[in-house]
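**Q** Each chain sits in its own coordinate frame; assemble them with the hints.
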Amino acid sequence: MDPFLLTVWVVRLLFLGLLYLFLFRIAKALVGDLRAAAREPGAELGRLVVVQSPAGEPEEGTSLALDAIATIGRDVNNAIVVEDMFASAEHAILTFRGRAWYIEDLGSTNGTFVNGSPVEGVSPLGFGDVIQVGQVRLRLERPRADRSRR
Amino acid sequence: MTAATSGLPSILGPIRPRPRGRETKLLAVVAITILAGSVSLELAPRVADPGVSQGLSLANPLHIAVYLGLIGLAHLVLILSGRRMDQVLLPATAMLGGVSLLLMERLPQTLVSQAVGPWKLGLGDVQLAWLILSFSLATALAVTVRSDRWLRLYKYTWAAAGVALLVATYFLGDEINGQRLSLSLGPISGQPAELLKVILVVFLAGYLSEYRPLLVEESTKVGPISLPPLPFLAPMAAMWAIALGLVIVQRDLGAALLFFTVFLFMLYAATGRPGYVIVGVILFLAGSFVMYRLVGTVQTRVDIWIDPFKSPTGDGYQIVQSLYAFARGGLIGTGLGAGLPTVGGNLPIPAVHTDFPLAALGEELGLVGVMAILGLFLVVVERGLRIAASAADDFRALLAAGLALVIGTQAFIIAAGNLKLIPLTGITLPFISYGGSSLLVNGIIVGLLLALSDRGVEPPPPPKPRSRLTRLTGRVTRLATPDAGRPAGRT
Chain A
1 MDPFLLTVWV VRLLFLGLLY LFLFRIAKAL VGDLRAAARE PGAELGRLVV
51 VQSPAGEPEE GTSLALDAIA TIGRDVNNAI VVEDMFASAE HAILTFRGRA
101 WYIEDLGSTN GTFVNGSPVE GVSPLGFGDV IQVGQVRLRL ERPRADRSRR
Chain B
1 MTAATSGLPS ILGPIRPRPR GRETKLLAVV AITILAGSVS LELAPRVADP
51 GVSQGLSLAN PLHIAVYLGL IGLAHLVLIL SGRRMDQVLL PATAMLGGVS
101 LLLMERLPQT LVSQAVGPWK LGLGDVQLAW LILSFSLATA LAVTVRSDRW
151 LRLYKYTWAA AGVALLVATY FLGDEINGQR LSLSLGPISG QPAELLKVIL
201 VVFLAGYLSE YRPLLVEEST KVGPISLPPL PFLAPMAAMW AIALGLVIVQ
251 RDLGAALLFF TVFLFMLYAA TGRPGYVIVG VILFLAGSFV MYRLVGTVQT
301 RVDIWIDPFK SPTGDGYQIV QSLYAFARGG LIGTGLGAGL PTVGGNLPIP
351 AVHTDFPLAA LGEELGLVGV MAILGLFLVV VERGLRIAAS AADDFRALLA
401 AGLALVIGTQ AFIIAAGNLK LIPLTGITLP FISYGGSSLL VNGIIVGLLL
451 ALSDRGVEPP PPPKPRSRLT RLTGRVTRLA TPDAGRPAGR T
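First to last, the sequence lines map onto chains A and B. Going left to right, the first sequence walks through residues 1 to 150 as my numbering numbers them. Going left to right, the second sequence walks through residues 1 to 491 as my numbering numbers them.
The following block holds chain B by itself, in its conformation from the complex (with noise of 0.2 Å):
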C-alpha cells in the first residue's frame, strides 16, 4: 500500500489530491471578508475616543489567524483525501463560524470565564476552541466516514441511546433556570438535545427508508381527505408524545419544536403525502393549546409573544431590548463593535451570546447584515437537499435532507424567535452561538454531510427482507427467510 509510505494510517488509503477550486476561491472570499469585518470591529470603538492612532489593524489578530489557518488547513485536508465532495458547505460554515468568532471577540468577554490551567480564558478563547474542535470533527468525518452502514444498520440501538441520553438527563441533569438541559459527566458536560437532533435524524432515515413504499402507497380515505395507513400513524403519535415529554418534563420548547418540525419535514419528503403533514400540525396545534393550558412556561412564552411591552422590565425584557436592537441597527447597521449600549455596565439582553446573537448582528450589521447570515442557512439547506437529491438510495437521501433541514429549522426558530414573529424558545443559532455541544453537533453534521455529497462511497447494503408491518398490511404475506429468493428450478 502507498499509504503506508506516506506515513498515514491505513485507512486513509492511497493519498491522491483532487483539487476543489471552487472551495478555494469561496474561502479565499471569507478570509477577505472576516477580515474586513475585523478592521471594522476594531476601528469602531476608536470614533469616540480621537486620542488613539489611526491606522489601521485588526482586532485580536491571533485568534483570526488561528481561526483562517484552521480552515485552510482543514480545506488542505479535503484536497488531499481526494474524495468528490461538496465545495460549497465548508465555505458557508466556515462564514458562519467566523461571524461568530467576530462577534463573540465584540461581546464583553466576560459572558464567559473559564480557568484552564494558569491561563484565564473569556468568550472570544473559549468560542474559538470550539470552533476549533467543531471544524476538526468535521473535516475528520468528512474524510475517514466512508460507509454509513454503522449509521444504517443500527438504527433502534441509535434511537435507545438517545432516549437514554433523554432519561439520563432528566434523572442526573444540572438544573439551570428550572430547566434540566445539561448533563455533566466529570468534568465534560453538554446539552445531549443537540447530539439527540442528529439522532432522532438517522432513526428516522432508517425507519422512514425502510417503510417508505408501504407509506406511499397505502391511505384510508376519511371524506375528502386522505389519510396516512393507519398503522403507520403509530411513529407519529410516538414523535408526537415524545416531543410533548420533553416540553412537560424539561420545558425544553425549542428541542420539542424542532424535533417535531424536523419529524414532519422528512415524513413529508419520504413520502410526498400532504395528508401527513395536514395530521402533524393538527395535532401540533392540539397539544400546544393543551400545554398553553397546563404549562405555565409554555404561557409565558406566548404571552410575552403576543404582547412582550406588557412586562417590558419583567418576563418580556430580552424580547423588548431584542426588539430595540433590530430597531437601532436599521438598514446598514451601526457598525461591528459600535452598538449595544450597556445598560449600568450590563449588556441589555443577558443571554445576547447563545439565544440572542441575531439581536446583537441586526443591532450592527443591520437588515442588510442579518438578511446576508439567513443566505448562509439558505445555503447550507440548499446543499444538503442538492447531496440528497444525488445521493444513491433513500436511507442517504432522508439523511442528508434531514441533517440539513435541522439546521435550516433550528435557525430559523431562533430567528424567529428574536424577532417575535414566533414565541421566543430558547434553542441556540447554529455556528454563531456560543456553546460547545451546539458547535460540535454541526461540525457532525457537517462533516456527515460532506461525506454523504461523495457518491464514490460504498454501494449501500442490500436491505433486510420486509417482515413485520409489511405483513401487517397484508401486501407481502409470506414470511420472509434469508435464502427465499433462490431459484427453484429450471425454467
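Just chain A, same shape as in the assembly (with noise of 0.2 Å):
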C-alpha cells in the first residue's frame, strides 16, 4: 500500500482514537469520583450552618449534618444543643419527609421563625432559609454531596 495513503489513515483514525481517549480518561475519573461519593459513610440529608450564636453554643460557622429527624432545643438530650437564654428545653423539631424538610415549633415560649416569619404547625422548608430559634440563627444547607470532586 502507498505509504502517503497510510499516513493519512492512520492520522484519520489517530483523531478519532484520541476523541475517545479523552473521552475515557474524563469516564475514568467520573467513577472515581463516584465510587469516593459511595465510600462517604451515612449520606446525610442536609446540614444546619450557625449563622449567629451570642452565648457561642454551638460556635458561629459550626455546619451539623442532620438526620431524618433533629430536635432543637437547650436540653442536652436534643440532637441540636443550643445554649441561648430565650430557647426552650424542647423548642422545634426538624424532620425529613420525602423530598423536602419540615419544621415544627414543640411550643417553646418565645417561638421559632423561619426567614423572619414565626412558625404556626408544621412549615414547610427550603435549602437556604435560615431558621431563628431564641438568639441563634441556623441556615439549612444542602448535604455535601461529594467532598473528592476536586
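Wrong hints could be hidden among the right ones.
If you want the footprint, here are the derived chain A segments under chain B, 3+ residues with CB under 8 Å [unchecked claim]:
id, region
1, 62 to 71
2, 130 to 144
Pairwise CB distance ranges (calculated) [what the hints assert, rightly or not]:
id, chain 1, residue 1, chain 2, residue 2, range
3, A, T62, B, Y170, 48 to 56 Å
4, B, Y317, A, L5, 30 to 38 Å
5, A, L5, B, I32, 19 to 27 Å
Just so you know, the hints here were simulated from the structure itself, not pulled from any lab data. It should be emphasised that the depicted structure is a prediction, and the values quoted were computed from it without experimental measurement. C-beta: ideal position from N, C-alpha, C; glycine also.
**A** This is the structure we're talking about:
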C-alpha cells in the first residue's frame, strides 16, 4: 500500500482514537468520583450552618449534619443543643419527609422563626432558609454530596 | 495586601496558586487531539493530488497555535486564581471549541467575510476571534465571580431586562429570512435570544428556589393525577405564553422549544414532581397543534420533517442533503477535509456552519466521531449536574443545573433536527456552530458554572421573608416583618 495513503489513514484514525481517549479519561475520573462518594459513610439529608450564636454554643460557623429527625432546644437530649437563654428546653423539631424538610415549633415560649416569619404548625423549609431559635440563627444547607470532586 | 505587590487588582486578592493536575492532563490530550486533527485536515486534499509534498504539516498552524496558547493561558489563570473549581469543564469545552475551529478552517472561508481595517477575515479567522473572546470571558467570570448576590437578588430586574431585549428585537431587529432575530446596536450586532436563555435560567432559579418548599408541598388532586398547586401554575402558564409568543411573533421555533424544555427540566429539578412535567407536555402538545394549524413556518417545518423527500429541491433540500451527508460518512467518515463535495461550486448545505455543523462532522468523522461529539456534550451536562448536587443552597443548585441543561438541550434540539429525529429548528450547536452571540453566551455559561463549582464562595445571603404567595396558601398567615424574629422575652 502507498505509504502516504497509509499515513493519511493512520492520522484519521488517530484523531478519532484520541477523541475517545479523552472521553475515556474523563469517564475514569467520573467513576473515581462516584466511588469516592459511595464510600462516604451515612448519606446525610442536609446540614445546619450556625449563622449567629451570641452565647457561643453552638459556635458560629459550625456546620452540623442532620438525620431525618433533629430536635433543637436547650436540653442536652436534643440532637442540636443551643445554649441560649431565649430558647426553650424542647424548642423545635426538623423532619425530613419524602422530598423536603419541615419544621415544627414544639410549643416554645418565644417561638421559632423561618426567614423572620413565625412558624405555625408544620411548615416546609427550603435549602438556604434561616431558622431562628431564641437568638441563635441557623441556615439549612444542602447535603455535601461529594467532597472528593476537586 | 499581598495583591498590591503582585501587581494585580486587589479584588482578585492575594495569589495562592493551586495545582489543577486533572485539568492539565486532560488539556494535554485535547492539544494532541487537535494537532492530530489538524494534520489529518492538511493531508486529506493531497490524496487526490499526489504531486505536492508528502510530509506531515499542520493546516493553518498559526490558528491552531493561537487557540492552544489561549487554552493554556486560561488554564494558567485558573491555577493562579487558587480557587477549587471543576477541572473537567474547561477541557471538555476546549475540545468542542477545537473541533469547531478545525471544522471552520475546513469549510470554504468565503461563507463569512468581514473586513477589519486592512485585513480581510474569513470564516476560520472570525471563528477564532470569537473563540478567543468566549474563553477569555469564561476565564474572567470563573476567576472574578465570588458572589451570586447580583444574580440572586435582582431576578425580577433580570427578567425585565430579558423582556426588554425581546421587545427591542421585535421593533428594532434586523429581518433575515423572515425572522427578526438579531439586534444591531451601532457596530455590534447579536442575537438576543442567546443571552435570553441565561437570563431565563437565572430568573427561574431565583423564582423556583424562593417558592420551592410550597411548590413541593401543596397539591391539587384531579382524579388519580396529583396536580401542582393551582396558584403556582401561573408561572407555567406565563412561560408557555412566552414560548408561543416567540413562535408567533418572531418565528423563532428553536428558542421557543429550548426555553420551554429548560423550564420543564428546572421545574422538575426543583420539585421532583412528574405532575408538572405531564401538565407541561400536555400544554406543549396542545400549543404545538394550534401553532401547526395557524403558523405557516411551523407547518412547513413539520411537513419537511415527516417527509423531506416530498420536495427534495425545495423546502426539504437542507434536510435531505444533511441526511445524505450522514450516509456518506458511514461508520468512521471520509476523514477531515475529504468530505462535502461541492455542487456547482456551492456547498450542498448552505447553512452548514451555523445550523448543520453536525452534518459536516457526521460526513467527515462518521458515526464514531459524532458519538464522541455528543459524548462531550454529555460530559458538560454531567459536570453541571454534579456542581448542582454539591451546591450549598437551592438557588445555586438550580442555577448550575439550569445552565448545564441549556447547553445539553440546545445540543439535543439541533442535533436531532439535523438527523430528522425532530422537526428542524434553527439554533446553534453550542461551542461548535459559527456565531459570536452563541459562543460568547456559552462562554458566560462555562464561566458561571466554574465559579459556582467553588464551594468556598461567599455563603448564600439570608433569604427574604416569605410574603404574598405564602399567604395565598394560608400556610404562614402572619405578615412577615424584618424584625419579627427578635425574641420577645425570657423563657
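**Q** Compare the structure with each hint and give your call.
**A** Hints, one by one, checked against the model:
1. 62 to 71: violated (count 0)
2. 130 to 144: holds (count 9)
3. A/T62 to B/Y170: 48 to 56 Å: holds, 53 Å
4. B/Y317 to A/L5: 30 to 38 Å: holds, 34 Å
5. A/L5 to B/I32: 19 to 27 Å: holds, 23 Å
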